[in-house]
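**Q** Using the sequences provided together with the hints, build the complete structure.
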Amino acid sequence: MILGGIAGPLALVVLFVLVPAAVAGAVRPLLRAVLVLTLPIAISVFLVNLLFFPGGTTVLFRIGPVTATAEGLAFAVEVLARILAIAGGISLFYLTTKPGDLTIDLERRGVSPRIAFVANSSVQTVPAMLERAQAITGAQRARGLDTEGSVAARVRGIVPIVGPVILGSIGEVEQRTMALEARGFGRSGRRTLLWAPPDTALERIARWLLVAGVVALVVARVARILP
Amino acid sequence: MLTLESLSYRHAGAARASLREIDLVLGDGEVLGVAGANEAGKTTLCFVLSGLAPRSIGGTLGGRLLVDGVDASTLRMHEMTEHVGIGFDNPSTQISGVARTVYEEIAFGPANLGLPRDEVLARTEASLDALGIGHLADREPARLSGGQQQLVAVASILAMRPRHIVLDEPTAQLDPAGTDLVGDAIARLAGQGVSILVVEHKTDLLARVATRMIVMETGTIALEGPTEQVLGDPRLPGLGVAEPSAVRLQRAFETAGLDPSRIPELVR
Amino acid sequence: MSAIELEGLVHVYDSGVRALDGVDLTIRPGERVALIGQNGSGKTTLVRHLDGLLRPTEGRVLVGGVDASTRTVAQLAREVGLVFQDPDRQIFASSVRAEVEFGPRNLGLRGEALRQAVSDALAETGLDAEAETNPYDLAASRRKLLALASVVAMQTPVLVLDEPTTGQDLAGIRRVERIVARVADAGRTVIAVSHDMRFVAENVDRVVVMRLGSVILDGTPAEVFAEPAWELLRSTYVEPPLAARVGARLGLGSTPTDERLVEAMAVRSA
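Residue numbers (numbering that gives the first Met the number 0), protein chains in the order written: chain B, 0 to 226; chain L, 0 to 267; chain X, 0 to 269.
Everything labelled a hint here was simulated from the structure, so no lab data went into it. A quick note: this is a predicted structure, and the numbers were derived from the prediction, not measured. Built from N, CA and C at the ideal position, the CB exists for glycine as well. Hints may be right or wrong, so weigh each one.
Pairwise CB distance ranges (calculated) [to be verified]:
| # | chain 1 | residue 1 | chain 2 | residue 2 | range |
| --- | --- | --- | --- | --- | --- |
| 1 | L | 70 | X | 231 | 51 to 61 Å |
| 2 | L | 210 | X | 231 | 34 to 44 Å |
| 3 | X | 118 | L | 113 | 55 to 65 Å |
| 4 | B | 30 | X | 17 | 33 to 43 Å |
| 5 | L | 99 | B | 147 | 32 to 42 Å |
Not close to chain B: a few residues of chain X, all C-beta gaps over 12 Å, as computed [stated by the list, open to error]:
| # | residue |
| --- | --- |
| 6 | 11 |
| 7 | 128 |
| 8 | 156 |
| 9 | 266 |
**A** See below:
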């Protein structure tokens, strides 16, 4: 009974997450990513359902006022399996897709170059802002700003740091915008794409099969062919 | 040829005009040096020549800018970029941030213009050659030194095949090695027929690469002429411009009553 | 007692780059020192150790005779004022005056002493007329002077300037030169990182040349810019000032500045 509900999600995970991950040689990073993504939720879901599942009758053990039930365990495991399937799928996508490839392909299929640009450059923005924040913190500390003292002192230290980070980033945006405009960006009309990820017949067929598969699964579920 | 006819410009929201009735010609294939105190209008001049003012930053333009004989007010920004390229003093903000290699970075401009793929590749190769940075083609732009980034920026501008390039203090943030790289690049480009206007505080650099010079003062042109003549003008310090080393030495000799005539040969 | 002492200073960044490879340096109070060398030679890494922003991987940093590792950055800021290259990575206040007040206020100055320190710094950098202006309404070169003023107002025993003359016109350079002279005259120490060899030759008593994390030359401008040192200088992309080159060609010995060259020529013709 405990294992009954997880057969479905487990099959999905193995077939559509672990196997492709193995093919891509990304099993360990995948497991690490999934662990990071799901551990907090997994722990709370598991505990809540194990100990507080309504309608649980088959008692496994007691800890003080709470009771662990077999039904709860079964449900918890099932939910966990689904979470793993989802997290696994998302992680697999991110681990095996280069951001540049994705945006180029989207652009090839008609997405505006500006959107593609924003998606691509956001990857660079966070490290740039972090670096800027560090440099600014250094400059303010060099003027006596105390970042190693009391909490109150540190809170007061936020303004001299946040201000230049934001203003400076905005100022840089203006410079970057002009540099981009000076290179023709923002002109209406398609850009020339130097290359695009190859789209083999095999990949196209696989895509259609996957879509068909999802539709079939949903139909089967609704029609109660599958549990 | 870029021609300014009685050109005035006031920044959006500014009380006074930054440029006041300027007449200037940037001839084909020449390198024009621009010096002057800070806030004399040098950067504004660059913005106007490149079309960024008023198209990108707003403001009010008076007079005319003629780009190869055409009134620029009829040209949109992306049309301007095919005539006039502009480079700025900060190497890192000119990197697009979306190119994984220097090659892609340089190709970014022509690709934006929607040119055929072969054309884009041809221009990229030509730019790499012109700047002598073929060996950097596969490197990540963000990891290069300031001087190298500046070269990539100029190469990227060049790939737009403008007839004229405006450079606003390209060596400001570079060390002497980087400055030399950019100076060599300017000389090489000029040799290939590109007209270049370069704003710099480093008069030694201008002495080396500029054929003609202007010195600006509060929005007008105070001095104009062949480089050697302008850089030897005694009014330079009063205009906020540091004289080139050779000229300063000459003045020191003259003041001490020594004969300065041997200096030019000693400077190599 | 020395103002600054570096003993076997090594610094290795997290990335593995060995930016300082065992530097020994002693700087006495009142000295005007220039730190030169190409980008990547370790100059910036070195000066960041002087106020504790970077800590040694190996070796010791002594500021005013005290081991810097026993002090926080805020404490070291009382001894060493460091002016960064990019003013926009520092300026946060809504007026020039408030910006300049920040540093000395953190050091505990109040009332009349604070007011005086601020107005002196504003006068020296020529910003007094713009005291109530928003810093971002100033041109970039004047913001650089503002950053300088905000550290000068802290009146620290040691003043460190990182590329003080880049982007400055003649008037700006003159102001920096006058500040260096005034601070040194008051018996305080000035350390300037610079690529401008003319500025270096004319404004400091001592030149420290760095390359790949080590000091390769250390002496007066006359010693460092003399012909025997040129090969070493060029190995770190430093070109001696014109006066030095001309003096060498005329066989006049070491003449790092225009003034020295003229003197030497006058002596010869006498």
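**Q** Hints the structure violates: just list their numbers, smallest first.
**A** none
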